[in-house]
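A.B. asks: Listed here are the chains, written in short residue letters.
2 protein chains.
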Amino acid sequence: MKLTILGCFSATPRKETNPTAQVLEINNHIFLIDCGEGTQVELRRKKIKFSRIKHIFISHLHGDHFFGLVGLISTFRLLGRETELHIHCPKGLKEVITLQMKLADSWTNYPLFFHELTSKVSECIFEDDKVEVWTIPLDHRIYTNGFLFREKQGERHLHMPWVIEANIDVAYYNKLKQGHDVYNKDGVLIDHKKVTLPPRSPKSYAFCSDTAYNESIIPIIKNVDVLYHESTFLDKHISLAEQTKHSTAKQAAQIAKMANAKTLILGHYSTRYDDLNEFKREAQTIFKPVKLARDGKIFNFD
Amino acid sequence: MKLTILGCFSATPRKETNPTAQVLEINNHIFLIDCGEGTQVELRRKKIKFSRIKHIFISHLHGDHFFGLVGLISTFRLLGRETELHIHCPKGLKEVITLQMKLADSWTNYPLFFHELTSKVSECIFEDDKVEVWTIPLDHRIYTNGFLFREKQGERHLHMPWVIEANIDVAYYNKLKQGHDVYNKDGVLIDHKKVTLPPRSPKSYAFCSDTAYNESIIPIIKNVDVLYHESTFLDKHISLAEQTKHSTAKQAAQIAKMANAKTLILGHYSTRYDDLNEFKREAQTIFKPVKLARDGKIFNFD
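Chains as they are written, first to last, in this note's numbering: chain A, -12 to 289; chain B, -12 to 289.
Derived from the structure by calculation, the hints contain no laboratory data.
Any given hint could be a false lead.
Since the list gives no way to pick one copy over another, a pair counts as held whenever it fits inside one copy or between any two copies.
Below, simulated SDA-like cross-link-like pairs (lysine to any residue); rule was C-alpha separation at most 25 Å, straight line [said to hold, decoys possible]:
id, residue 1, residue 2
1, Lys107, Met88
2, Lys180, Arg268
3, Lys267, Ser93
4, Lys(-11), Arg281
5, Lys223, Met245
6, Lys41, Gly141
7, Lys78, Trp94
8, Lys278, Val169
9, Lys36, Arg259
10, Lys164, Arg268
11, Lys41, Asp222
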């Protein structure tokens, strides 16, 4: 599991800072999460292959989370994309995008699907044999979802010396990987655990931005490996956080602690602060394993 | 008159190139012309004061000419702008912008006016005592206007030694500047030309992008000081130019020559070309005073 931060600041794009966008690589999927203005240039900078992005998740319809989307969709068209693209987003975004296509008389030449979200309870919005994605209803000024990405339990790994030693026919290898006991060529029942190794433990990632301090997300993200939680403000601006339905670094840490997250990543910083380390210091008074998102930073979690 | 090129490439924003946006400073006005994605960051880079931009002119609704506008409007709000803002644009853009504001539940706290254009003949769309702006109907795949910016003739300048010598009362100074003859304190009629200098000759700038080769614009831009004319393609791709309703460098030069422009600036290059000098070489086979737009370049015409 690999997370690339394309942008992690709130409000307006500036020379040195980008609004929210990140790429999650998980179990062979490349998911784009939020798409602030300038995201397509940051994707190029990171050499992320456009055609490998098949799903884009938009948390909410404040501009710093989606103003780059229409340009990206349009660029995909100009580059002759053929792969289908799925946008998971709050209701309304489809109208915004299609209106602009209509005015430009430029329709996509690739299949484009909008999956508009309206539910206020967590729901599974994508699932295949490798990964599932759930919404995390957040508490912000407008309808907002975070997203929980969860690898599925993979298959066990054959340990070939043991398998050969146990004299098992190749036809049974898949059954072993799936955790079944099988008979060997001599008619003896072989315990699958004796010839296979357990699968890598599945990873999970929760993206929670933008949101006020909101304990109701804890059951959804319980025991998550990595929690990205917004921390727009430092503690001294807690009243601003309350007013604008954002969180402080300490509040993010409190959520991480209560959810028993393994790692907390802070982001969505207000551009008023010069020293981001202050966010880490404040969060660590409550929860130790804290990392700071920074534009361009890559986190590897394997 | 000063022109700052924020972006001069066609199609998609990339690491090294920006889509169309430029700032024209003319007779104390700051006009923004087109607003591709990333324009607000380029404005910051050039330290152009946001509040001094009161009029934005959008040529047409292809994304590389307006995808940065909604973000700029939104940033103005976040920065607490109070100054009014006027958008001159094809019909449809108001709906695009207001739909996004509605979804974000974020209205501007400054007066925002859309002046939507539908006319297919040139019309005056802005005028004050210093400047006038006319549309230039262009020939592109969708409804498109260029814009002609024209300084008005200024007042004559008093040459004080001559004025004092001629013994003229201060009450008549304005009349002199406006080109009237006046009586001096001795009752003698003074020819205004004897005590004043002619005004600086008014400048004009024509922005023509995007367009096919189109001689019908020549009467509108006749004798213009500076013509920015798109040259998306080189001569070898003339059939692509015809197909997509764009121009070649030679065609831009032909228009400049027939319009008797003083200077031609080329821009809106396709990103397929590595050497922009080729555009200049081709254009100069027809018209000599050619300059190349480049992102970040500033042209001074005083």
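A.B. asks: Using 25 Å as the alpha-carbon threshold, which applies to Lys164 and Arg268: within, between, both, or neither?
C.D. replies: neither (45 Å within a copy, 67 Å between copies)
A.B. asks: Checking an output row: Lys267 and Ser93, CA cutoff 25 Å. Within, between, both or neither?
C.D. replies: Classified as neither: same-chain Cα gap 46 Å, cross-chain 31 Å, threshold 25 Å.
A.B. asks: Tell me, please, which holds for Lys(-11) and Arg281 at an alpha-carbon limit of 25 Å: within, between, both or neither?
C.D. replies: Close inside one copy (15 Å), not across copies (37 Å); limit 25 Å.
A.B. asks: Up to 25 Å between alpha-carbons, please classify Lys36 paired with Arg259: within, between, both or neither.
C.D. replies: So Lys36 and Arg259 pass the 25 Å test across copies only (19 Å; inside, 33 Å).
A.B. asks: As a check of your reading, is Lys223 near Met245 (CA-CA no more than 25 Å) within one copy, between copies, both or neither?
C.D. replies: within (22 Å within a copy, 65 Å between copies)
A.B. asks: Please sort Lys107 with Met88 into within, between, both or neither, judging by C-alpha distance up to 25 Å.
C.D. replies: between (30 Å within a copy, 22 Å between copies)
A.B. asks: Give the relationship of Lys41 and Gly141 under a CA distance limit of 25 Å: within one copy only, between copies only, both, or neither.
C.D. replies: Classified as within: same-chain Cα gap 22 Å, cross-chain 59 Å, threshold 25 Å.
A.B. asks: Checking an output row: Lys278 and Val169, CA cutoff 25 Å. Within, between, both or neither?
C.D. replies: Neither way: Lys278 and Val169 sit 46 Å apart in one copy and 78 Å across, limit 25 Å.
A.B. asks: Between the shortest in-copy and the shortest cross-copy C-alpha distance, which are at most 25 Å for Lys78 and Trp94: within, between, both, or neither?
C.D. replies: both (20 Å within a copy, 19 Å between copies)
A.B. asks: When no copy is specified for Lys41 and Asp222, does a C-alpha distance of 25 Å or less occur within a copy, between copies, both, or neither?
C.D. replies: neither (38 Å within a copy, 38 Å between copies)
A.B. asks: At most 25 Å between C-alpha atoms: does Lys180 with Arg268 qualify within a copy, between copies, both, or neither?
C.D. replies: neither (45 Å within a copy, 74 Å between copies)
Figure legend: structure checked against the earlier numbered hints; hints not met, in rising order: 2, 3, 8, 10 and 11.
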